[in-house]
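Asks: Quick note, the sequences are listed as chains X and G, same order.
The numbering of the first sequence is this note's numbering, which starts it at -8 and goes up by one.
The numbering of the second sequence is this note's numbering, which starts it at -8 and goes up by one.
Hints should not be assumed to be uniformly reliable.
Note that identical chains are pooled: a pair holds if it fits in a single copy or bridges any two copies.
Below, in silico cross-link-like pairs of lysine-lysine (DSS-like), each with a Cα-Cα straight-line distance of 30 Å or less [unchecked claim]:
id: 1; residue 1: Lys320; residue 2: Lys216
id: 2; residue 1: Lys216; residue 2: Lys284
id: 3; residue 1: Lys284; residue 2: Lys331
id: 4; residue 1: Lys49; residue 2: Lys545
id: 5; residue 1: Lys545; residue 2: Lys320
id: 6; residue 1: Lys49; residue 2: Lys72
id: 7; residue 1: Lys216; residue 2: Lys72
id: 8; residue 1: Lys49; residue 2: Lys320
id: 9; residue 1: Lys216; residue 2: Lys331
id: 10; residue 1: Lys72; residue 2: Lys331
No lab work stands behind these hints: they were computed from the structure.
2 protein chains.
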Amino acid sequence: MPALLLSRRDLDFLLHEWLDVTRLTARERFAEHSRETFDAVLELGERIAADHFAPHNKANDANEPRLGPDGRVVMIPEVGKAVRTFAEAGLIAGEFDEELGGMQLPNVVSKAVLSFFHAANVGTAAYPFLTIANANLLVAHGSPEQVDTWVRPMMEGRFLGTMCLSEPQVGSSLADIATRAEPQPDGTYRLTGTKMWISAGEHDLSDNIVHLVLAKIPGGPPGVKGISLFIVPKVLLNEDGSLGERNDIALVGLNHKMGYRGTVNTVLNFGEGAHTPGGRAGAVGYLVGEPHKGLAYMFSMMNEARVGVGLGATALGYTGYLHALEYAKVRLQGRPVGAKDPATPPVPLIEHADVRRMLLAQKSYVEGGLALGLYCSLLVDEERTAESEAERERAATLLDVLTPIAKSWPSQWCLEANSLAIQVHGGYGYTREYNVEQFYRDNRLNPIHEGTHGIQGLDLLGRKVVLNDGAGLRVLGESIAATVRRAREAGGEPADMAEGLQAAFDRLAEVTVRLWSAGDVEVTLANSSVYLEAAGHIVVAWMWLEQVLAAHGKDGDFYTGKRQAARYFFRYELPRTGPQLDLLASLDRTTLDMDPAWF
Amino acid sequence: MPALLLSRRDLDFLLHEWLDVTRLTARERFAEHSRETFDAVLELGERIAADHFAPHNKANDANEPRLGPDGRVVMIPEVGKAVRTFAEAGLIAGEFDEELGGMQLPNVVSKAVLSFFHAANVGTAAYPFLTIANANLLVAHGSPEQVDTWVRPMMEGRFLGTMCLSEPQVGSSLADIATRAEPQPDGTYRLTGTKMWISAGEHDLSDNIVHLVLAKIPGGPPGVKGISLFIVPKVLLNEDGSLGERNDIALVGLNHKMGYRGTVNTVLNFGEGAHTPGGRAGAVGYLVGEPHKGLAYMFSMMNEARVGVGLGATALGYTGYLHALEYAKVRLQGRPVGAKDPATPPVPLIEHADVRRMLLAQKSYVEGGLALGLYCSLLVDEERTAESEAERERAATLLDVLTPIAKSWPSQWCLEANSLAIQVHGGYGYTREYNVEQFYRDNRLNPIHEGTHGIQGLDLLGRKVVLNDGAGLRVLGESIAATVRRAREAGGEPADMAEGLQAAFDRLAEVTVRLWSAGDVEVTLANSSVYLEAAGHIVVAWMWLEQVLAAHGKDGDFYTGKRQAARYFFRYELPRTGPQLDLLASLDRTTLDMDPAWF
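Model the full assembly from the supplied sequences, consistent with the hints where possible.
Replies: Structure below.
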């Protein structure tokens, strides 16, 4: 039985027939690459994901990391083997500079490769993925010495990384973090405070753990402008780079999640001083970049991180879809509508229109989500390597406005795909003897972390569509209009779809203006989550029209399936936005006016 | 901290201010009852649910029943204590005749009481609930001797009951069951076959387990018309009624679910003959009623069972909502929109409009679902005890058409409420350290069991709205029209809502005619799940208008909250039906035409 992670056929269609990523090899950074090297790394990724990650996905869920009697984190041995295999294959370093031992892969190819691991085993994949995110931040903002010291061992998987942002009292509102960093005469800092939700915060998978920690330097400005970023290693290094003494970081507890159980999730205390005022003066930390710019550095990577969450949600939806499809083809149940003779033999589930509806919905969500995630990943490449400054700026602007959607839309709809995958399986799908219930539990994290759904809505309507005189929405509109033009030229069904898309986008733009003319920012933003959802469906309809154009004039089941899924999306999904936009246009105050006492 | 199960204030509003259930005491069956006895049993139920069920809900989930080394089912001791307390309080017998030791409660009051247990601990509540369902079936269709032998001990909790319908190869399509029942010269039967998904199928909570088993008597008609119903006890009884030898029923495995973990779910083999052809000739069973009528008997209780699933889904949504509301009031996070000064102190979550939106959505789903469930439960009473034959028939018809909605709508939207409750909690909500993630896992079963969402859609569009020349839809339309008339008389906002409701229902009726004029039953039924969802939202809008009328002219936060939740439902929810009805009216063939090869 194949691992049923993602469809390689679909990936090839999106990467080559649609996005034509091989054209990136004309750019200096990717000059060593070719279609062949891209194919090779995709194959490598798929194979390692299928052979080393997927097989222990259930075991990692059923035997989540726990605190051993000696205070160490105990986990099943397959996790360490998988992480080592991943690192040894060079996949942590995939996107990084050759000089650091990397492959200098385009972001879009790298993210496609990593999606196999999200589909195979999010619990185990989180260890290398957090390390990649951490290393990305240090390469961008750390000193050359910091890169040498911390990033190089991460590339090899000898060190693994974390991100330490939240605190027990602070999730979405990072302005309120309480962790302090006291400057020392030697230029280092001593950190004290408690960090919450730290994935991969403690384990024995690597020689060291490189924590990237947000903290406040006393005397800095209040709020988000007074936050700095620090490297705080689990083990301090000696002068020669060898491992020295343990830093002052204590594991004070594990969080136990509904899903994502395979990733140890910790509460960490930095500086025992937090507990014993007379104790040591904190954990040793090294400032990254300049003081008070920590949040800005973090946000410089935010687009990529959030698109990554969306791709992760998509991958979980995708593998669930493939599992449901396989099950629907082999499971016999019931008879065709109208078959009166009880002796008629049962038919495969897929023969029932309602089952095909559920499969088609899943297909439209997961292939739409994958298209959006890869499109945004390509924008990261364009933002960095497009030839002209204008193209780079345009890519950056479009990526900015798409990011909250690329994060939240798959988190909502590919979770719904997982629910439909359970439904196709019936009672079996609800059991842990099958795979799909775990995908559903795992995926439920994605609307929460890296900025909740509500935060994404505020980001989109409150910032992204209005910044720079509405440049974000304008660039999005131009991009959609370009697709619409090509679809009109193609004629026929693509042209019909184009009319629907253009009308929906025009309405969105009109509603945006109306919302911002309300004269009361509370009213404008009251239903920003609804705005986010409407914009999301419109953007994904655009992604489907793009796919229809890439498949245009091509014969065969694969292309016919793409067209049918697009039809589904335009007929069953895009119309959902009508009532949402009507509501927004009415400047409704129902939620705003709801007095807490009335609940 | 209160148990946060259901709002007693809301229950009192629905039962008394709206449904006026005390008027039932004018009927002979309920003549011994009064508002005081209803209140007393609600209080009793709430207290036992809070004190004996809720406290071990998490423990029962974390320590699910398992197979002990001796092949017995091991579970935490709190389960047995809770079930005994429930039985000793007379709650199993609540609805049953006084002659059987019951309280002769109206169904609507009994179901309200039981909802506290669904909210508190579905895993443990399933044991007495299945027993009630089993006993109901035997009282309706068993012989007086069978009632004496099996129902009386169930009333006291000495015996517990199960329902054995599904088989490993058969879920939704019961026509295909393979379990056989061979008649014996002494009038008993010997059953051989394997039953799947048997909740409470094996345990030591009671002296005996009364399995109600669907099986085929050889030589009977094929399909659903050849299915008979049998009592198959775990332990055979001696002539004097004392416990005798074990019947030939083997526990062959446990299923491990995503939620509902506290209820042991089993695979049972009836008759070792299934394994060893030379062995014994099957498990001893006693035919209930006449041969080949088993499915009809089962379906005679189906409305009640399905409304019960909907109420269970509602109760889980309701407790999740109350947990989220409590959390949103105390958790400080973020600042009001527009607060620029970072020194502004954080505010409770409930101060954010988007959080109030999520709470209002939950309120509209769970209070709407509860209204629908209680309304249908009252129809069960009307069907049985209304004064005139015409009233009883009308109630039966309305209950028939509402049942698929009362089952599926809360299973979908109160599950969504659970998802929103997680979202309000942020990262904490995703952890097992908090309560809401379990509600979400538990509730995900409800769209599957007792007929999937897809089955309910076929039942509604394929049967219920067309039977008897469309009597179901006609009676529903008359009932809605009566509410609309009262709302118009009330004027103002209720009258506005009435216009929206009437227009939506008219459209539904029109679309129903159009679907049935298609001339191709495959096209008619292709999107019956979409029809089910649209009809559901319209019916719940009706329930909200009914609540608005019951609250009309009344002051105070409670009534104001009802009005605001109704506004939310009419503005944010009811409009969802527009695109659904448009799609249905277009006789769309997208899902029908999707060729399996195109996936």
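Asks: Each hint needs a verdict: does it hold in this structure or not?
Replies: Going through the hints against the structure:
no. : hint               : in the structure
1   : Lys320 with Lys216 : between (56 Å within a copy, 28 Å between copies)
2   : Lys216 with Lys284 : within (7 Å within a copy, 75 Å between copies)
3   : Lys284 with Lys331 : between (72 Å within a copy, 19 Å between copies)
4   : Lys49 with Lys545  : neither (39 Å within a copy, 55 Å between copies)
5   : Lys545 with Lys320 : within (26 Å within a copy, 57 Å between copies)
6   : Lys49 with Lys72   : within (16 Å within a copy, 34 Å between copies)
7   : Lys216 with Lys72  : neither (41 Å within a copy, 57 Å between copies)
8   : Lys49 with Lys320  : within (23 Å within a copy, 37 Å between copies)
9   : Lys216 with Lys331 : between (72 Å within a copy, 12 Å between copies)
10  : Lys72 with Lys331  : neither (56 Å within a copy, 49 Å between copies)
The structure is inconsistent with the numbered hints 4, 7 and 10, although it conforms to all the rest.
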